[in-house]
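Q: Assemble chain R onto chain P, guided by the hints.
These protein sequences, in sequence, are chains P and R. Each residue of the first sequence is one higher than the last, beginning at 1 in the working numbering. Each residue of the second sequence is one higher than the last, beginning at 117 in the working numbering.
Among the clues, some could well be false.
[Stated by the list, open to error] Examples of chain P residues toward chain R, derived with CB under 10 Å:
id	residue
1	V11
2	L44
3	Y50
4	T104
5	F113
[Stated by the list, open to error] Label pairs and their calculated CB-CB ranges:
id	chain 1	residue 1	chain 2	residue 2	range
6	R	E146	P	S70	30 to 38 Å
7	R	R125	P	Y29	32 to 40 Å
8	R	R125	P	S28	25 to 33 Å
9	P	E15	R	E146	19 to 27 Å
10	P	K115	R	L231	32 to 40 Å
It should be emphasised that the hints constitute simulated quantities derived from the structure, not laboratory data. Keep in mind that this is a model prediction, so the values were computed, not measured. Glycine is no exception: its CB is placed at the ideal position from the N, C-alpha and C atoms.
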Amino acid sequence: AQSVTQLDSHVSVSEGTPVLLRCNYSSSYSPSLFWYVQHPNKGLQLLLKYTSAATLVKGINGFEAEFKKSETSFHLTKPSAHMSDAAEYFCVVSAALNTGGFKTIFGAGTRLFVKA
Amino acid sequence: DVKVTQSSRYLVKRTGEKVFLECVQDMDHENMFWYRQDPGLGLRLIYFSYDVKMKEKGDIPEGYSVSREKKERFSLILESASTNQTSMYLCASSSLAPGAGQPQHFGDGTRLSIL
Numbered sequence: 001a002q003s004v005t006q007l008d009s010h011v012s013v014s015e016g017t018p019v020l021l022r023c024n025y026s027s028s029y030s031p032s033l034f035w036y037v038q039h040p041n042k043g044l045q046l047l048l049k050y051t052s053a054a055t056l057v058k059g060i061n062g063f064e065a066e067f068k069k070s071e072t073s074f075h076l077t078k079p080s081a082h083m084s085d086a087a088e089y090f091c092v093v094s095a096a097l098n099t100g101g102f103k104t105i106f107g108a109g110t111r112l113f114v115k116a
Numbered sequence: 117d118v119k120v121t122q123s124s125r126y127l128v129k130r131t132g133e134k135v136f137l138e139c140v141q142d143m144d145h146e147n148m149f150w151y152r153q154d155p156g157l158g159l160r161l162i163y164f165s166y167d168v169k170m171k172e173k174g175d176i177p178e179g180y181s182v183s184r185e186k187k188e189r190f191s192l193i194l195e196s197a198s199t200n201q202t203s204m205y206l207c208a209s210s211s212l213a214p215g216a217g218q219p220q221h222f223g224d225g226t227r228l229s230i231l
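Chain P on its own, in the form it takes in the complex (with noise of 0.2 Å):
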């Protein structure tokens, strides 16, 4: 069975400190796994993905992210925050299933306060 948890439903953060979201997750497969970013009234956008290759993974914006298996953990991060980075952060895992179809679970989120 594959589950997504977010561990922290809001992050609040002064503008130039580091970012951290917390993810875990659990898949029977080898899975693939995504951040999306959702800011006010627009739809979800893609920053980063890991399907198997680097375990650390860049994406735009300045985040990363890094897979870790034994911790079952996917934690997005950046170094420094910036106020057009405040938003609601999605973890997404995707996997096959033994049907042969695939799964794909959408964490709850994490909303992502920025001070100035």
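A: Okay, now just chain R, sitting in the frame of chain P:
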């Protein structure tokens, strides 16, 4: 860039009406998806389609149907709208199968209110 266009950003309808939400993608993607997004519940899959005229139920298909007559267009239909279908609806597309590592590309959403 992939463009997924949803025909309406905001829509207000009455209970019992038949409602059509339209979605068009311009990247020749095989897969298309309809989700609804509600506070505290995240994104929930309503239906998806992996080819023209093909459709599969997602996690919450009750009260909805879909149509895919052309590869680029995927329509969501609320057969008889009810107030509990008030929500943000998101359309997405992807090439091949999601488990192959292909990300989904999303439209900007339709905020639907049923009065």
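Q: Hints numbered earlier in the text: which of these fail when held up against the supplied structure?
A: 1, 5, 8, 9
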